[in-house]
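Number of protein chains: 2
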Amino acid sequence: MKKLILFTGVVLTVLNCNAQQALWGGSQIVSPETHPDKSVTFRMYAPEAESVLVTGDFLAPQLADTPYGKAEVPGVADMVKDPNGVWEFTSEALSPELYSYTFIVDGIRMTDPSNVFQLRDIASLTNVFLIDGDYADYYRINDVPHGTVSKVWYDSPTIGTDRRMTVYTPAGYEKGDRRYPVLYLLHGMGGDENAWAELGRATQVLDNMIARGEVEPMIVVMTNGNIAMEGAPGETSLGFAPPTINLPNTMDGTFEKHFPDAVKYMDSNYRTIADKEHRAIAGLSMGGFHSLHISKQYPDMFDYIGLFSSAIKPGKDSVSEIYADYDGKLEKQFADAPQLYWIAIGNKDFLYDANKEYRQYLDEHGYKYVYRESPDGHIWKNWRIYLTEFLPQLFKD
Amino acid sequence: MKKLILFTGVVLTVLNCNAQQALWGGSQIVSPETHPDKSVTFRMYAPEAESVLVTGDFLAPQLADTPYGKAEVPGVADMVKDPNGVWEFTSEALSPELYSYTFIVDGIRMTDPSNVFQLRDIASLTNVFLIDGDYADYYRINDVPHGTVSKVWYDSPTIGTDRRMTVYTPAGYEKGDRRYPVLYLLHGMGGDENAWAELGRATQVLDNMIARGEVEPMIVVMTNGNIAMEGAPGETSLGFAPPTINLPNTMDGTFEKHFPDAVKYMDSNYRTIADKEHRAIAGLSMGGFHSLHISKQYPDMFDYIGLFSSAIKPGKDSVSEIYADYDGKLEKQFADAPQLYWIAIGNKDFLYDANKEYRQYLDEHGYKYVYRESPDGHIWKNWRIYLTEFLPQLFKD
Numbered sequence: 006m007k008k009l010i011l012f013t014g015v016v017l018t019v020l021n022c023n024a025q026q027a028l029w030g031g032s033q034i035v036s037p038e039t040h041p042d043k044s045v046t047f048r049m050y051a052p053e054a055e056s057v058l059v060t061g062d063f064l065a066p067q068l069a070d071t072p073y074g075k076a077e078v079p080g081v082a083d084m085v086k087d088p089n090g091v092w093e094f095t096s097e098a099l100s101p102e103l104y105s106y107t108f109i110v111d112g113i114r115m116t117d118p119s120n121v122f123q124l125r126d127i128a129s130l131t132n133v134f135l136i137d138g139d140y141a142d143y144y145r146i147n148d149v150p151h152g153t154v155s156k157v158w159y160d161s162p163t164i165g166t167d168r169r170m171t172v173y174t175p176a177g178y179e180k181g182d183r184r185y186p187v188l189y190l191l192h193g194m195g196g197d198e199n200a201w202a203e204l205g206r207a208t209q210v211l212d213n214m215i216a217r218g219e220v221e222p223m224i225v226v227m228t229n230g231n232i233a234m235e236g237a238p239g240e241t242s243l244g245f246a247p248p249t250i251n252l253p254n255t256m257d258g259t260f261e262k263h264f265p266d267a268v269k270y271m272d273s274n275y276r277t278i279a280d281k282e283h284r285a286i287a288g289l290s291m292g293g294f295h296s297l298h299i300s301k302q303y304p305d306m307f308d309y310i311g312l313f314s315s316a317i318k319p320g321k322d323s324v325s326e327i328y329a330d331y332d333g334k335l336e337k338q339f340a341d342a343p344q345l346y347w348i349a350i351g352n353k354d355f356l357y358d359a360n361k362e363y364r365q366y367l368d369e370h371g372y373k374y375v376y377r378e379s380p381d382g383h384i385w386k387n388w389r390i391y392l393t394e395f396l397p398q399l400f401k402d
Numbered sequence: 006m007k008k009l010i011l012f013t014g015v016v017l018t019v020l021n022c023n024a025q026q027a028l029w030g031g032s033q034i035v036s037p038e039t040h041p042d043k044s045v046t047f048r049m050y051a052p053e054a055e056s057v058l059v060t061g062d063f064l065a066p067q068l069a070d071t072p073y074g075k076a077e078v079p080g081v082a083d084m085v086k087d088p089n090g091v092w093e094f095t096s097e098a099l100s101p102e103l104y105s106y107t108f109i110v111d112g113i114r115m116t117d118p119s120n121v122f123q124l125r126d127i128a129s130l131t132n133v134f135l136i137d138g139d140y141a142d143y144y145r146i147n148d149v150p151h152g153t154v155s156k157v158w159y160d161s162p163t164i165g166t167d168r169r170m171t172v173y174t175p176a177g178y179e180k181g182d183r184r185y186p187v188l189y190l191l192h193g194m195g196g197d198e199n200a201w202a203e204l205g206r207a208t209q210v211l212d213n214m215i216a217r218g219e220v221e222p223m224i225v226v227m228t229n230g231n232i233a234m235e236g237a238p239g240e241t242s243l244g245f246a247p248p249t250i251n252l253p254n255t256m257d258g259t260f261e262k263h264f265p266d267a268v269k270y271m272d273s274n275y276r277t278i279a280d281k282e283h284r285a286i287a288g289l290s291m292g293g294f295h296s297l298h299i300s301k302q303y304p305d306m307f308d309y310i311g312l313f314s315s316a317i318k319p320g321k322d323s324v325s326e327i328y329a330d331y332d333g334k335l336e337k338q339f340a341d342a343p344q345l346y347w348i349a350i351g352n353k354d355f356l357y358d359a360n361k362e363y364r365q366y367l368d369e370h371g372y373k374y375v376y377r378e379s380p381d382g383h384i385w386k387n388w389r390i391y392l393t394e395f396l397p398q399l400f401k402d
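Protein chains in written order, with my numbering: chain A, 6 to 402; chain B, 6 to 402.
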């Protein structure tokens, strides 16, 4: 055997990829490109296309006709073709945020072929990019100790199936024997157990805020609130079945009823501090609704409650015992008042009035809460910001 | 406060998504659709397009000119437009496998907008679908106990940075105090710590084979072999920087040198059985190369070695001590021969001759190994199959 063989496999291993790029005719396009002034250029190679648009939440929203009447949808901008067939659009300087976008090529929506970073929100994939600075630095992966992010299946005797969840354990968890408080962090309608960790950047926020000493080290449990699913699309025995937007049984009381199974699993399998003083629950939209009803159903379970752009009351057809005796259960919950009952909503949120009415109810009964009103509506930007504001208030005693 | 409020938020929460679909003009297209005979129909709504093609590994490969000469690339098929502007192609009946594909619309490569399931292979995103049956049933998520899949950062004093890896712990790990053997499973060039869990379906294979009693419950550690990166693209402090195909330092000995740091982390932080008899290492392509050189560098560390379509020898410019004294180190490794030294390769693999030469070397020296030759070349199909064949041979004593 020869002692020295030039290892050409290094080159050949990447052949298929390069070959495909050659086959598909794309030159190396950089998109998106963030400039020093925080403006961003988007590019798309499409020499034969007649029109290429970019749409995303970095553009001012526009009003559009929808099946539900006029509503705000992401803005759209025309891209301009250069002599090489590359379409281009440069945004104005953008403020720090995690943004999403897609292209529309001759009327067909598509993701940016030059950007492999995509996130799924319900049934849509969009590309993402991050503008650094300000609170968005919490969303970056910084050079700090990182917690572990696990996909875990727990059993629910109440439902009779196993269910998938995301568990964040803080840096150092594996090594020590220390016990930790637990935050249960719930997603909105159409989301799943991946939503807070992906769109919500929750694991980056936790790593960064714990590293800066702004937040107590804690375990964070991100359950799946869609009781008709065992886990996120593609992650269950349904295989690669398309995501369904309108899932049944999301707000019929079953999720709330099953919730102690998740808490029991955590307390039996992780080094939690298994008492009310060391448990928090928070959620966005439907997850806020779940947090409200779980925390009043089990008043001895959670000392910290966060309602982010939360739905409040069930539909009038809801017959679950979970939603029965609303007044009595809230009275019981606030008799031994939680350390923190935090309500946050944007002033453009379609749930604003429902939250206002709920705050009035709490005021009338003398139930203490903290209220935070932000700009904007029912969007991830707000929920990420709320998380950075909610976390430092937990487990300080 | 009114007792009963119709909860319209249920509808409005999904507004944005539906509104976008309305804006973008797409009707609800089902793609891909698998028929009872296992043929698959692909669909794409593009009324203005002049040509729509589908390309993927479910089609017979074709020879194409590449920067490296003629080479096999995925086949391409014409789709046909119906009067509603929906382009369609139906495959022949497909054998069980995890397949990938993309569309080419008027020369522009794009993923299927009706299929949110995509996998990144190096710098390309492709859609995926699974045809059930035969060995591909191991790749399904079945209703069996599921292990936990964790993204973990370990410290490497050798390199001076933290590094990200994927750790699979078998179902029941969290609850008990049982100790487990460990398989280290390494990716190929351009892959990362996510590759085996995603493209390789390794966690599904383990869940299913353990549940059937065909494989010993074990911990599986999927490291990142790209020493220039701390983790996969998008998962490090580099942020959403585009993936780089030709990373430096992948095969210069640094990864092999650092490897005991990963083993030490596992033995310190997980309930491993920390001896040679309960450690295996295997990898594909560059990961096979790493497995070969790590196992001969640390002959007391691994009793089971798997080389899947493996690169064998370093480039002639490699000066690392890791690659020095090749003969002497192999002699030492085989003096206390491993329980299993398993070499598998496809008969069309570009590394076939290098493996043949290596087997001749092993034969000449009387070093025992088991050889498995399969059809096809340097592709994930083979590596998934090799995994299902390698796992049952581990830790049986």
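Honestly, the hints are just simulated from the structure, not real lab data. Computed from a predicted model, the values in this text were never measured in an experiment. Hints are supplied without guarantee of correctness; some may be wrong.
Treat identical chains as interchangeable: a pair holds within one or across any two.
[To be verified] No farther apart than 27 Å at their CA atoms in a straight line, the calculated lysine-lysine pairs in the DSSO-like style are these:
1. K262 to K281
2. K75 to K337
3. K334 to K321
4. K180 to K281
5. K386 to K337
6. K401 to K321
7. K334 to K262
8. K262 to K180
9. K373 to K262
10. K281 to K353
11. K86 to K43
12. K269 to K321
13. K180 to K269
Going through the hints against the structure:
no.	hint	in the structure
1	K262 to K281	within (18 Å within a copy, 48 Å between copies)
2	K75 to K337	neither (42 Å within a copy, 75 Å between copies)
3	K334 to K321	within (18 Å within a copy, 75 Å between copies)
4	K180 to K281	both (26 Å within a copy, 23 Å between copies)
5	K386 to K337	neither (34 Å within a copy, 59 Å between copies)
6	K401 to K321	neither (39 Å within a copy, 59 Å between copies)
7	K334 to K262	within (15 Å within a copy, 61 Å between copies)
8	K262 to K180	between (34 Å within a copy, 24 Å between copies)
9	K373 to K262	within (25 Å within a copy, 59 Å between copies)
10	K281 to K353	neither (34 Å within a copy, 62 Å between copies)
11	K86 to K43	within (22 Å within a copy, 42 Å between copies)
12	K269 to K321	neither (31 Å within a copy, 58 Å between copies)
13	K180 to K269	both (23 Å within a copy, 12 Å between copies)
Hint check: violations occur at hints 2, 5, 6, 10 and 12; the rest are consistent with the structure.
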